[in-house]
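Asker: Listed below are the residues making up each chain.
There are 2 protein chains.
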Amino acid sequence: MANHDALPLVVLTEQFAKLPGIGMKSAARLAYHVMSMDAADVQTFAQALLNARNTVHFCQCCENLTDQALCPVCEDAARDKSLICVVETPKDIAAFERTGEYNGVYHVLHGLISPLKNVLPDDLKIRSLIERVRQGGIKEVIMATNPTVEGDATAAYISQLLKPLGVKVTRLAFGLPVGAMLEYADEVTLYKALENRNAM
Amino acid sequence: MANHDALPLVVLTEQFAKLPGIGMKSAARLAYHVMSMDAADVQTFAQALLNARNTVHFCQCCENLTDQALCPVCEDAARDKSLICVVETPKDIAAFERTGEYNGVYHVLHGLISPLKNVLPDDLKIRSLIERVRQGGIKEVIMATNPTVEGDATAAYISQLLKPLGVKVTRLAFGLPVGAMLEYADEVTLYKALENRNAM
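Those sequence lines, one after another, are chains V and H. Note that this note's numbering gives residue 15 to position 15 of the first sequence, counting from 1, and the numbers run on in steps of one. Note that this note's numbering gives residue 111 to position 111 of the second sequence, counting from 1, and the numbers run on in steps of one.
Think of the hints as simulated: they come from the structure by calculation, not from any bench. Hints are not guaranteed to be accurate.
Derived lysine-lysine pairs resembling DSSO-like cross-links, with alpha carbons at most 27 Å apart [claimed, not checked]:
id: 1; chain 1: V; residue 1: Lys125; chain 2: H; residue 2: Lys25
id: 2; chain 1: V; residue 1: Lys117; chain 2: H; residue 2: Lys25
id: 3; chain 1: V; residue 1: Lys18; chain 2: H; residue 2: Lys91
id: 4; chain 1: H; residue 1: Lys125; chain 2: H; residue 2: Lys18
id: 5; chain 1: V; residue 1: Lys81; chain 2: V; residue 2: Lys91
id: 6; chain 1: H; residue 1: Lys25; chain 2: V; residue 2: Lys25
Here the structure is a predicted model, which means the values were calculated and not measured.
Build the full structure now, drawing on both the sequences and the hints.
Answerer: Quick look at the structure:
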């Protein structure tokens, strides 16, 4: 099939199609949309891409993304620095912050151990977590990876490394989501909810 | 809710969210993805945005998008220049080209008349179409706008302008799509299929 689009438009479509969750049809739609944008707005967009990639880096302390030396959470004097919540991605931090109930700090792994996807412990920010705990002053590390095979395996692996350091390691509670119907709960969730039942 | 993301990341998320069909959650995912891209790839992406916006413009003849003076279709000596297919967007050209059956040229309106959305005839590339027909050598103009209220109204409006110029104006056939089940056809389509029935 001959392509009858202008070449720069084809190139831009291919660039959009490389982004996760964007197929060729959506990519073409986005590229056409860019054509209809003000030149100044396209300039702003391109600059935002470069700025984000070039000025954002990992927080020295918790590996969260930031454009400062420390991320806002690590910099906040009011946060409890002795409590670390270990998460997979910076997006998970946003989820915890939305609850407004967590006052500790975080550690971002930037992935989960997955031999099948060729992600090994050394590819994650595990070493900096161990180092942080080793420096002392940490009372508890909460493993807050997703309740999936990879999330559980990563939590178990890190837990083994942390326990010899004499720190308390905990895992998020798994059970029925609030508002769920027993009828529709999957077996594993229901089993977890039963196993972890609490006194009333 | 305080935002705990780095500012350049927030800015980039907002830029992605301005694109059609991308909500705040997808935009955040895309912005995080950009963080994990090679700096060189981000540079390529940003450059593709600027290139597309700055080098692509309307074809002098048919208003299709191109980075040359004429688009590939208008430049092709083998195409029948006396037959013009009027479409709403450049994407529609790609759809016709995929059939491999159309050998005429095109005219892109870049929109449809829609008083409710404040799109009036002067906002579309109608004047250049009339001028093109007025210059002579055109035998037939096929109105190939979508079979919607706005598509039909635009086709009817342009048809009224073209007929006094003595050119044949036609409209795409509407009926059952090939492979469709009668059972699931909507009434209007079925009515059109009945109305436009052909001898066997």
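Asker: What are the numbers of the hints that this structure violates, sorted from low to high?
Answerer: No numbers; nothing is violated.
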